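With chain Z's structure known, arrange chain C on it following the hints.
Protein chains: 2
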Amino acid sequence: MDAIKKHFNASLIKKIASKFGTPIFVYSEKIILDSIKSYKTAFSKTDILFCYALKANSNNSLCSILAKKGIGADIVSGGELFRALKAGFEPQKIVFSGVGKTEEELNYALKSNVLMINVESFDELEILKKVASKFKKIANFSIRINPDIDPHTHKFITTGKLGGKFGVSLKEAFRMYEYSKKFKFLNPIGMQVHLGSQIYSVKPYVMAIDLILAAIKKLSERGINIKYIDIGGGWGVDEIRGMRPPAILAKAINSKIKHLSGIKLIIEPGRSLMASAGILITKVLYKKKSGDKNFIIVNGAMNDFIRPALYGAKHPVYSFSRNKKKLKADIVGPVCESGDFLAKDIELPLPENGDLLAIGSVGAYGQSMSSQYNSRLRAPEILLKGKSEYKLIRKRESFRDLIYKEVRLP
Amino acid sequence: MDAIKKHFNASLIKKIASKFGTPIFVYSEKIILDSIKSYKTAFSKTDILFCYALKANSNNSLCSILAKKGIGADIVSGGELFRALKAGFEPQKIVFSGVGKTEEELNYALKSNVLMINVESFDELEILKKVASKFKKIANFSIRINPDIDPHTHKFITTGKLGGKFGVSLKEAFRMYEYSKKFKFLNPIGMQVHLGSQIYSVKPYVMAIDLILAAIKKLSERGINIKYIDIGGGWGVDEIRGMRPPAILAKAINSKIKHLSGIKLIIEPGRSLMASAGILITKVLYKKKSGDKNFIIVNGAMNDFIRPALYGAKHPVYSFSRNKKKLKADIVGPVCESGDFLAKDIELPLPENGDLLAIGSVGAYGQSMSSQYNSRLRAPEILLKGKSEYKLIRKRESFRDLIYKEVRLP
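Top line first, the protein sequences correspond to chains Z and C.
The opening residue of the first sequence carries number 481 in this note's numbering; numbering runs sequentially from there.
The opening residue of the second sequence carries number 481 in this note's numbering; numbering runs sequentially from there.
If you are wondering where the hints come from, they were derived from the structure by calculation, not from laboratory data.
All of these numbers come straight from a predicted model, not from anything done at the bench.
Careful, some of the hints might be misleading.
Pairs involving identical chains hold if they fit within one copy or between any two copies, as the list cannot separate such chains.
[What the hints assert, rightly or not] Below are the DSS-like pairs computed for lysine-lysine, each with C-alpha atoms no more than 30 angstroms apart in a straight line:
#1 K763 - K548
#2 K683 - K805
#3 K767 - K617
#4 K549 - K808
#5 K697 - K664
#6 K875 - K885
#7 K885 - K495
#8 K885 - K499
#9 K566 - K885
#10 K875 - K566
#11 K573 - K885
#12 K525 - K617
#13 K495 - K610
#14 K525 - K548
#15 K885 - K591
#16 K763 - K591
#17 K610 - K499
#18 K805 - K651
#19 K499 - K609
#20 K744 - K548
#21 K806 - K651
#22 K794 - K805
#23 K616 - K763
#24 K549 - K885
#25 K769 - K609
#26 K661 - K769
If we strip away everything but chain Z, and leave its shape as in the complex, we get:
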């Protein structure tokens, strides 16, 4: 709440809402720059490449803030590669992950000279070999290891457990590295793990690094030299208080890798760079009571921000009302299902219809997961620069945008 109050000036927010309408995403450049800085400071003594996980928020203007600061990109689709290049990320700082890359995507990545392709199955290695051979292009690759570590997060965002779809076992990875030796277009340079999202402890990272260090030692004995250790992302964000200092993470990691030379660390922050930087401004439409429950109906909905419905995520709600009278209510949207809520059972100053509410910590996995469900128009995005400057960085959709890919039959 305090973070919202501090970084998003109430009168400026009202001005933006009245000029561009609501719902609308508003991001603070200052918060993004601060987050970059705290990562850089924390890891100042580490040979490191930060690869921003574009899936968190791939808006061109936000991505280019990161690219200009020398950050790289963690991408998971051809669309994200397209966006990363448009935003100015250097190809040699782009890592391509994901369990289901197509031939076309692998080809696009090779042609774009990305740093490495993070292979997640033997089948994929075969296809990578095929594509690389066809285009006579050396494919630098890493392998994503499934370390079988449980980071104790939501089951949907746990990604490093056996029995999940991500990565391969260490044994399988060794088979793949060995196999790749036979083909001149396959060049193994990295090893990756990704444990999940919203991780609040350094312990799983330390365990994963121990596992990787032991593995690359063995690989080096077999003539395979791993130059990149990629420990993925997943460093959690405190949705109420904002970014959690990466210094804690850095300290734990550095103690493990400081003695290594010729090895570069890659980490892939997404949420931790972007979540706290964004708020979703919505307008109160109606208030009503059903049974014992109060509802505040706002014009933002699950199509704009699906995390509460999909993951049961709890995000702070900041009211711009100064009413001393309080109300305990659910904040719900106009979409026709009970799953359409933005917050449940929260207490806030009783708003008037027309008042603004801000949902906090939506800079990551907000707009990037939005849809047109219920034929709602996807919300625009604004970037705050400095104290009073703001820029429209994504326009609101129009009715026309709902149907512009449709073909009307005669």
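Same frame as chain Z, but now just chain C:
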């Protein structure tokens, strides 16, 4: 499965997949026409208006099949009104529902001469009065009653329980009807209930009708004449076997209302008209094993079809492979989260990489809930007409479509 095999000819599906690529939604016009027919036959003796719930699937070409057959529309947003009018639904067959209609949307609906606006709170009635008075336009309206009936479905799609955001109590409705008498631009003509989705029993409908009949009798004694009884939608679909005969529903309802005259019944089928008509064709990219679990990685994902992740919905998977060898596996997509699955623990003929799989019963709440998450391009849609004719009714998105609303900062 049999329904997929019967209505979607394997060689035609392969042809479409190779011509337009995958993932791709394919709909059968025949199934839609059959569904319309079974509703019409079941209710042939009832004075009834069918209002198709556009939120299920609002593609222009699919909607116009329904509009041409005299079906009306149940809409929940300005965007849906725009789409309904484009598809040719008669305004006097359009009902506008939803808890969060804006002034602009109410104004648009009045100007479009929709049949009625289904009001869901006292606050909304006030705004409707304001808009109607301002434009000197009579607002025909119904009130959505919350009957406090539990239809025993998923908590997100239960919509007629007290403590939920939908509708108002009967007591509140009476207050609203009475209140409206004072204003010449407010004209009460209907009463609505909507119980939820995926309802498998007629009992909640019968209970709701009893409640409405008692209420409109009382209202008539107070000089308020209700002409439309709207019992909403929610008639469940068997995802494996397809549409459940509406005759069962019709029989139960008719026994209650056959003696009434001057009253028109409205029902709002969405899923039951459209779900079984659609399949999602995906291509097998890779197979892998993690722990004891097999994964088939396909190129369709949760951004294309979110029901398994969001509601835990179980949809049938049909394999076009004829392999005698079977595999028990999860069908997962390329999106980077564990929640990205299309089916879990299903047994199917072991597919080769490159083979096609069809996810069944995706005609409703499939494309309409899709997003560009992970910068994936939203899938195209194809309509099958007759045995071998097919039409592209929505084009696949391009990379350009990911960013065309974005504004690049200098």
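Now the hints, each set against the structure:
1. K763 - K548: This pair counts as neither: shortest intra-copy Cα distance 34 angstroms, inter-copy 38 angstroms.
2. K683 - K805: Classified as neither; 44 angstroms inside a copy, 43 angstroms across copies.
3. K767 - K617: Classified as between: cross-chain Cα gap 25 angstroms, same-chain 61 angstroms, threshold 30 angstroms.
4. K549 - K808: neither (43 angstroms within a copy, 47 angstroms between copies)
5. K697 - K664: Within. Shortest intra-copy distance 22 angstroms satisfies the 30 angstroms Cα cut-off; inter-copy 84 angstroms does not.
6. K875 - K885: both (18 angstroms within a copy, 5 angstroms between copies)
7. K885 - K495: between (33 angstroms within a copy, 22 angstroms between copies)
8. K885 - K499: For K885 and K499, both the intra-copy (29 angstroms) and inter-copy (17 angstroms) Cα distances are at most 30 angstroms.
9. K566 - K885: For K566 and K885, the Cα distance is within 30 angstroms both inside one copy (23 angstroms) and across copies (14 angstroms).
10. K875 - K566: both (18 angstroms within a copy, 24 angstroms between copies)
11. K573 - K885: Result: close only across copies, 26 angstroms inter versus 34 angstroms intra.
12. K525 - K617: Neither, since 34 angstroms and 71 angstroms both go past 30 angstroms.
13. K495 - K610: between (55 angstroms within a copy, 25 angstroms between copies)
14. K525 - K548: within (21 angstroms within a copy, 69 angstroms between copies)
15. K885 - K591: both (29 angstroms within a copy, 27 angstroms between copies)
16. K763 - K591: between (46 angstroms within a copy, 24 angstroms between copies)
17. K610 - K499: This pair counts as between: shortest inter-copy Cα distance 23 angstroms, intra-copy 53 angstroms.
18. K805 - K651: between (62 angstroms within a copy, 26 angstroms between copies)
19. K499 - K609: between (53 angstroms within a copy, 26 angstroms between copies)
20. K744 - K548: Result: close within a single copy only, 21 angstroms intra versus 64 angstroms inter.
21. K806 - K651: between (58 angstroms within a copy, 26 angstroms between copies)
22. K794 - K805: within (23 angstroms within a copy, 45 angstroms between copies)
23. K616 - K763: between (56 angstroms within a copy, 26 angstroms between copies)
24. K549 - K885: The answer is between: 25 angstroms across copies meets 30 angstroms, while 36 angstroms in one copy does not.
25. K769 - K609: between (61 angstroms within a copy, 20 angstroms between copies)
26. K661 - K769: between (67 angstroms within a copy, 23 angstroms between copies)
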